[in-house]
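Protein chains: 2
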Amino acid sequence: MNESHITFLPEGKTIIAAPGTRIIDLARLTGIDIPFTCGGKGTCGRCRVFVRKGMETLGPLSEAERGLLSPEEVTCGVRLGCALWSPVDGDLVIEIPEVQAEQLKIHTEGATIAIELDPTVKQYIIHNPGFKAKNLLSYEQLILDGLKNEHRLEQASFNYKALHELSKRAANHQDEALALTIWNDEEILSIDSHPKDGPYGIAIDIGTTTVVCYLLDLKVGKVISVSSASNSQAIMGDDVMSRIAAVTENQDNLFKLQMAVVESINRLIRDCCDAIGIAPMDIYECCCAGNTCMQHLFIGLSPQALGFFPYRPVIKRGLTVTARCLHPPLLMNLQGKIYLLPSIAGFVGGDNVAVQLIVNHLDSKSDIKLILDIGTNTEMALADSEGVVVCSCPSGPAFEGMHITYGVRGVIGAIERVSVTPGVFEVKYKTIGNNKPVGICGSGLVDAVAGFIQSGILQRNGAFKTDVDTPRLRTNTNGEREFVLAWKEETDIGRDIVIRQRDVVEFQKAKAAIQAAYKILMRKKGITEHQIGKIFIAGAFGQYIDPDNAITTGMLPPVPLEKIETIGNAAGSGARMVLISRKARREAEALAEKSDYLELSADPEFSLQFMQSMFFMSPQ
Amino acid sequence: MNESHITFLPEGKTIIAAPGTRIIDLARLTGIDIPFTCGGKGTCGRCRVFVRKGMETLGPLSEAERGLLSPEEVTCGVRLGCALWSPVDGDLVIEIPEVQAEQLKIHTEGATIAIELDPTVKQYIIHNPGFKAKNLLSYEQLILDGLKNEHRLEQASFNYKALHELSKRAANHQDEALALTIWNDEEILSIDSHPKDGPYGIAIDIGTTTVVCYLLDLKVGKVISVSSASNSQAIMGDDVMSRIAAVTENQDNLFKLQMAVVESINRLIRDCCDAIGIAPMDIYECCCAGNTCMQHLFIGLSPQALGFFPYRPVIKRGLTVTARCLHPPLLMNLQGKIYLLPSIAGFVGGDNVAVQLIVNHLDSKSDIKLILDIGTNTEMALADSEGVVVCSCPSGPAFEGMHITYGVRGVIGAIERVSVTPGVFEVKYKTIGNNKPVGICGSGLVDAVAGFIQSGILQRNGAFKTDVDTPRLRTNTNGEREFVLAWKEETDIGRDIVIRQRDVVEFQKAKAAIQAAYKILMRKKGITEHQIGKIFIAGAFGQYIDPDNAITTGMLPPVPLEKIETIGNAAGSGARMVLISRKARREAEALAEKSDYLELSADPEFSLQFMQSMFFMSPQ
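Those sequence lines, one after another, are chains A and B.
Numbering-wise (our numbering), the first sequence opens with residue 20 and increments by one.
Numbering-wise (our numbering), the second sequence opens with residue 20 and increments by one.
Do not take every clue at face value.
[Said to hold, decoys possible] Cut-off 30 Å, straight-line C-alpha distance, at most; resulting in silico cross-link-like pairs (DSBU-like, lysine-lysine): (1) B:151 with A:613; (2) B:60 with B:455; (3) A:72 with A:180; (4) B:151 with A:167; (5) A:180 with B:275.
[Claimed, not checked] Listed next, with one range per pair, are the computed distances between beta-carbon atoms: (6) A:72 with B:327: 38 to 46 Å; (7) B:168 with A:62: 33 to 41 Å; (8) B:286 with A:144: 40 to 48 Å; (9) B:214 with A:296: 50 to 58 Å; (10) A:194 with B:261: 26 to 34 Å; (11) A:346 with B:33: 36 to 44 Å.
Everything labelled a hint here was simulated from the structure, so no lab data went into it.
Beta carbons are placed, not taken as given, at the ideal position from N, Cα and C, and that holds for glycine.
Please model the complete structure; the sequences and the hints are all you need to start from.
Spelled out as structure tokens, the structure:
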């Protein structure tokens, strides 16, 4: 079989691909986000990439490309990632122009946000420190005076290590220009000869499953390298609760879990640094967003109390820790700082605050906004002019393909799009990479269930009807009803791929949790669907679901589609934002402070609403 | 020969002594200060000690004791240290009642200073942290609320390590009372179960030659143990300049010197802790006073720039460093703090500021005060209502017995008192321990030269006269003039102990430096001797000199004797004071800030005045 090497810039990651795999899917498999909002249909045009090598191996412009790309873009080698496929022969180098987004803009999936560059860590140059002057000032005072005179910095002071470096420079007695790296205009972290590279910073989105690391040049506020990998903590369980249980069972597991995530992150930092050729010691700040448990484990705080009511975190406010305090150490300058975004509750963490921050910047107009971050645990925030109410509900792993008979993650061959033609019950599906199907992933499941509802196959309580005339709906040898999505001959696994009754029930439980949660939030605020100005859907899964179908199932409230916006990995974007803007950091702290948390597990209304939400609405 | 064991409490140090050695001298030899101001003549009464064991081996009360001790004191076993001698047979346990000075008083040689107890490190108890409450606050917030409600502390926050401890306590989910150790009402250093010992603090006087360590219970502000030893840095030279040179020669020596002094201090801390049975990990603050170079070396800052004009220190302001930053580490809680007193210049350090602090508290009345800390380097401060001018002058090691033909330190057998009867040139002397003389120490040298002046043996320029009729004044085989203090038969070294012409010159250089310095300070301020309200003499050597004789030589300005006060190791007292009083710490910072430093080495007036001061005044 022919193979080609596809390299993605600026990350510099290469994947070996079989011919005919779509570029946006290959990127996703290597952990790189190519933004799009149309589900890869070639209508949003947001997946523009530069083909830096191998254009000759690609086919001519698609219809979508001809419609969306300007002649100038075509000349420069711009194509749409959704319209490109790995070639039969020859290699490709694809550059994803995230860093070409205008300077000082946070790039999210759907938009860029303009913010003023004001990182917490900055470099200041003292051009003439005056070491050879004849006055009686200390070296420390000379530097502080220089900061005052050249930069109007009044509050800076040396940390111990920087003072140590200063004493060695004093011994040399040279009056050369100096580069000072200073945290928050307060603490001098290091003193070097000028010119000096950096300072650099990293933003990390610590997910339960995946960790993403962005390397930024803090001088210009740009992302210069991105890397992602699985969270190695998975060895102690796939979800948050099993990791908390591991620590409760054996205290030693706290260190093991911390070690695992720090090792994952350190590999990513190494990758990012190697790709660009910078030294990790020039990284002076690390901003992290994760759920409350991930943030606890990352800095070695026991998450045990998150395991029992009232799920009390050790700390909620934004936390700054000097890197040298962390054991095992992060791969960065040990004088630098680690900043963890504030959390709101035991199950609404810094990642949620980061998402809220991004939404606030994307949309300052709408009065009423609903934000969903859908996953094993779905976090939700409903904002109106009076404030924000947030909650968290256990939506289970169905959307990640778990607990579903033929469920798979978003791998090649996963059915990601499904439609069922009412009346004839004809099934159309699309798989990731257009390979033969191997199973169904979350977005496919939403489509399938919506298709069942619209075709009238399901009763309101979720049971398959018995009077539908199609060979696809059948009773299996165990007496369980099931619907065939793909016949054996079409699949890559030698079996029919079906959705069983129990899979529908799993889906119902997941969507009921989400539906009950937004209904209760809306009731608390006295808001109806019509009043919602905008719904923002964050998270990797959210990016791929069909909003229309999600509304059909009840997962999302019935609002006009133009009110729904997917914002992808907004947690990572928020972490980047607080890395390069002190104002954004203060905003995040304020957002967390003023978010009202609603504990659903203690709310009898939730149980009632959950049961009601198990039902589907009649097709419209 | 009989021996007895003399043990000093509270230090718990034991010395093996030959019979007939005076207790205050034995104490001095073990590095323990028994305070006295009369030169051991039995008139000041400040050397009161408790005889805890062995009273039966001691003689009856001396005349001085009968005059000074109350019947109650005698009943309690109080004696004067200057009137007791090691017994021929049997052991003694002597308790030095420094810690019995009234609570919260800083004990100096001559007086106690009342200050309000307000250490930087304090323990606060949270009686009910509310871990089991049903609210949604974080554990951190519960503790901070407790500090606010129970102690009105508004500004405290957790350091990383304490947060870590908190997370482990959260896991236990017990609502027990907690003891928080907090620095400056700001930083929570540790969190423990209540009740909990401590916190403890140490004050260190880092001398070029000797290091003294005081262990204090910060809850009550009392000294509970004292220990002292030689500064192990002596392996790289006896004085500051040779240690600076060692670092300049080889950068590795910086670490070696730091290591040496930290090891010395750690041994002392261990001694203090063992004597009282406390754990070093309960020590949360260490306050240090030393000369600028010693302070630099202690925290590992290169002192090289102190070796060349303008003798610029790396840092002058008071410096707080977290113990964990120091490598090699100090034997204390690594979350605790190390505070270095502010310095004034490259050769006027934190020890001088500590002395100024003590003097300010001893005497707030006198308008005009002169403070001298006499040593190899003599620091001097002249204060009037407008401020303080300080300077430093190289007075050489003559007062420490160095560069003097028969010079010795204050060892047993050192001639410490000398008088020369005018006319007949009869010499009376007294040695430390009343042993046969082995040499002459600094205080003896001052007495001897004063005696020569008063007997008219010396010309004004310091040359021995040739027309004096006594066999003691002679020309030796090398043609050099010398004066015999003790004939061969009287000594323990089998030779005459003499003062040679060159020794007189050494003395002249030392006293000329001091005399020139105070004259220039007085001239700068426009002050005459008559206006001086008080002269304070700090330092070990200063405690032993005869002020009258010092005036005769010109070492001190001619003032009435009642205006002269010796204050012993005031640097150590000042370090203790800033350990238990934040107000005193702020005072020390203010004193350093407002002290004007006069650089004599760059002052042509000093060279001129130095030459003039080589001369002696005619005897009065």
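Quick rundown of the hints versus the structure:
1. The hinted pair formed by residue 151 of chain B and residue 613 of chain A meets the criterion: a straight-line CA distance of about 24 Å does not exceed 30 Å.
2. About 19 Å separates the Cα atoms of residue 60 of chain B and residue 455 of chain B, which keeps this hinted pair within 30 Å; it holds.
3. A C-alpha spacing of about 47 Å is found between residue 72 of chain A and residue 180 of chain A, which places the hinted pair above 30 Å, so the restraint is violated.
4. Only pairs whose Cα atoms come within 30 Å are accepted, and residue 151 of chain B paired with residue 167 of chain A is rejected, the gap being roughly 50 Å.
5. Restraint check for residue 180 of chain A and residue 275 of chain B: satisfied, since their Cα atoms lie roughly 18 Å apart, inside the 30 Å limit.
6. With their beta carbons about 60 Å apart, residue 72 of chain A and residue 327 of chain B fall outside the hinted range of 38 to 46 Å.
7. The hinted range of 33 to 41 Å is not satisfied by residue 168 of chain B and residue 62 of chain A, whose Cβ atoms lie roughly 59 Å apart.
8. Separated by about 45 Å at the C-beta atoms, residue 286 of chain B and residue 144 of chain A satisfy the suggested range of 40 to 48 Å.
9. Evaluation of the 50 to 58 Å hint for residue 214 of chain B and residue 296 of chain A yields a pass: the beta carbon distance comes to about 57 Å.
10. In this structure the hint that residue 194 of chain A and residue 261 of chain B lie 26 to 34 Å apart at CB holds, the actual value being about 28 Å.
11. Checked against the given bound of 36 to 44 Å, the beta carbons of residue 346 of chain A and residue 33 of chain B, roughly 43 Å apart, stay inside it.
Of the numbered hints given earlier, the model fails hints 3, 4, 6 and 7; all others are met.
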